[in-house]
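*Asks:* The primary structure of each chain is shown beneath.
Protein chains: 2
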Amino acid sequence: MAREPLTPKGGAKIADVARAAGVSIMTVSRALRGVEGVSVAKRDEIISLARELRYSPSSLAGSLAAAHSNLIGVSVPTLDDAVFSEIFETMRNAFLRSGFQTVFDTTDYATHREEEWVERMIAWRPAGIVLSGVDHSSRTKRMLLRSGIPTLEIWSYAQDPIDLCVGIDHFAAGYEMGQYLTGLGYRQPAYIGPRADYDVRAQQRLDGLKSAFSEIGCNLEPCIRMAPPLSFEGGRLGMQRLLEGTLHPPDLCCFLNDHMAFGALMECEARGIAVPQDMGVVGFNGLRLNSVLNRRITTTATPRAQMGERAASLLIAKISKAATVNTIKLPVKIAPGETTQNLQANINT
Amino acid sequence: MAREPLTPKGGAKIADVARAAGVSIMTVSRALRGVEGVSVAKRDEIISLARELRYSPSSLAGSLAAAHSNLIGVSVPTLDDAVFSEIFETMRNAFLRSGFQTVFDTTDYATHREEEWVERMIAWRPAGIVLSGVDHSSRTKRMLLRSGIPTLEIWSYAQDPIDLCVGIDHFAAGYEMGQYLTGLGYRQPAYIGPRADYDVRAQQRLDGLKSAFSEIGCNLEPCIRMAPPLSFEGGRLGMQRLLEGTLHPPDLCCFLNDHMAFGALMECEARGIAVPQDMGVVGFNGLRLNSVLNRRITTTATPRAQMGERAASLLIAKISKAATVNTIKLPVKIAPGETTQNLQANINT
DNA sequence: GGAATTTACGTTAGCGCTAACGTAAAGCTC
DNA sequence: GAGCTTTACGTTAGCGCTAACGTAAATTCC
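Protein chains in written order, with our numbering: chain A, 792 to 1140; chain B, 792 to 1140.
Any given hint might turn out to be false.
Same chains, same names: a pair is fine if it fits in one copy or spans any two.
[As the list claims (entries may be wrong)] In silico SDA-like links for lysine to any residue, alpha-carbon gap of 25 Å or less:
no.: 1; residue 1: K1001; residue 2: Q1135
no.: 2; residue 1: K932; residue 2: G802
no.: 3; residue 1: K1109; residue 2: Q1135
no.: 4; residue 1: K1120; residue 2: Q950
Simulated from the structure, these hints should not be mistaken for laboratory data.
Everything numeric in this text was worked out from a predicted model, so none of it was measured.
All chains should be modelled from the sequences, with the hints used to inform the complete structure.
*Replies:* Laid out in structure tokens, this is it:
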């Protein structure tokens, strides 16, 4: 048990621990990774010796030699939207519980940024990759497919994902809300959201909404397209534009998300426009802001936490080749609030 | 220019590209990394050949051989708080511009989780590490110091950081707000925030606030401590507790952040408590929600974007051994709103 | 109690790259 | 045009680990 002079420059390597413990490198490797084939006494000795030498194993060398890493790459469009930070948190925790390390980045809804990220990520040979949405450049898809890395698309549901998919049907969510709103008696809906090519999921919801309204002969317009950031300020600004750009305000305005809707509510308040009497307001996502408002925004609740959990389980199953399904569609729920009202009822009264 | 049968199983290696191009491995390595010593013609040929073979360089092998990676590890307490997502975004962009890849995680304000993350991170031999706050376990500090990895602490200012520090003086920020509030004439302040040991920076601000009030003989109490999530709902719930727990409501209530303050405003509205007439409300951070409110919350604006930029530059400078300072203290700014009023003026009138 | 198995290790051969140091040929100097 | 420098490569020797395959000793089996 000859003790060496402690840590040569640059930190202890596995060989230093082996020398100190008087065993082979391989025995140290096994002991530290908890792999079978080391007696308990020797294992404990090696572990405490490694601690003493402040040995820090190199994941770089370890993953290279083992030909795989415990990394999982996750990409989301933005953290600006509370939706994605919630999904991310639940996924991350689930991955950590299973021994995976999450590596994360934002793409700002730009497919070329996503493509660059995927390329960088693949270079690290991760155990899995999570992408948001189902709209990716063809090169992104090709790289992922060829890499053989289990890939999961989250947030949007698609029947033909690159590999795996857990999400909601955005068109259906929009359509369902549209039916709810036409049912309430709304006939002149407007929309305030991002440009059509910026956030494809948002556009799908809008298409669903439009579709429901067109079934009863109503056009959804104006559609006001805002530049990011698409949050509180964007909603307020959008409402300003809407009101200034039209002589006959619509009876309803739908928004990309609850935060924009809230910004718009503030603008209405400032201008003395009563909601829902003068105009209905509708958000999306059922964000936490909504839960403290005295007059809740009519919105669609999305199962973010559930989505993160299911996505993590599915990807982990795939990594261990135990996945039995490829896609999971999650339901959304209309959450009526006090920013819309039943116009039919009013007529009847 | 003998063309090989394309990609052996498992993807093309650098050797495959070299064989296809009829040059040595080293020439390919140089060409692809843009290192000098390869003729332009050969470089272009190698690059296009690599693309054709769909060669994906292994960062694992590359970093191991080069003995360093282009990774920068960033840890923040939570994404729940918009503050950290803003800081993260700016830093991430700055790092990316300089060719570094950001790897990110959340610690949920738990020093042991931070410690585990630091250990995992060091195993990847990153070029730099960013931690939030200046409160870390002693083992975390020791590991970081011994690793020799440039480390930056962001958000809190400290004179004696582990290595580098960019932040604000939380005690001073609290104290400054306290002075502003006593100047307005407030004498019975309450506070609603996290437990003292949960968020040390918040506690420092509270201490500053207390200090300013105690100078004019006022106690800051009750201090209501909420469990996470410390956002809208927490603020509303906290205000409920405050109002139910006391016969004489305070003349002022300060909050951990603007979002909690907003939740509390909703509770006041529901109970018919007029703000600021019956009670003042104060937030922290100057979050974007505030910018759309018709009655803005009195708050302290923190320079998040600037902080992210400065932090990234400083860490990059240190990595290239060009740093001239170790710490940067950034100023905060009181942002008066309509949720407090000048009580003195009222008396004089 | 000898053969078959199991346990607890050690040895060998890489993983896929890059740093550092060659070296031959071309260009330059005066 | 001899001697120096520069350019454009190639060669050698790892980076710090792990997989796969030994092998000797201890244990089990009937």
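*Asks:* Reference check for the pair K1120 and Q950, CA-CA at most 25 Å: within, between, both, or neither?
*Replies:* Within one copy, since 9 Å is at most 25 Å while 52 Å is not.
*Asks:* Within a copy, between copies, both or neither: which one fits K1109 and Q1135 at a CA-CA cutoff of 25 Å?
*Replies:* neither (50 Å within a copy, 67 Å between copies)
*Asks:* Measure nothing new, just compare the shortest in-copy and cross-copy C-alpha distances for K932 and G802 to 25 Å and report within, between, both or neither.
*Replies:* Classified as between: cross-chain Cα gap 16 Å, same-chain 41 Å, threshold 25 Å.
*Asks:* Have a look at K1001 and Q1135 and pick one of within, between, both or neither, based on CA distance no larger than 25 Å.
*Replies:* Within. Shortest intra-copy distance 20 Å satisfies the 25 Å Cα cut-off; inter-copy 55 Å does not.
When each numbered hint is compared with the structure, a violation occurs for hint 3 only.
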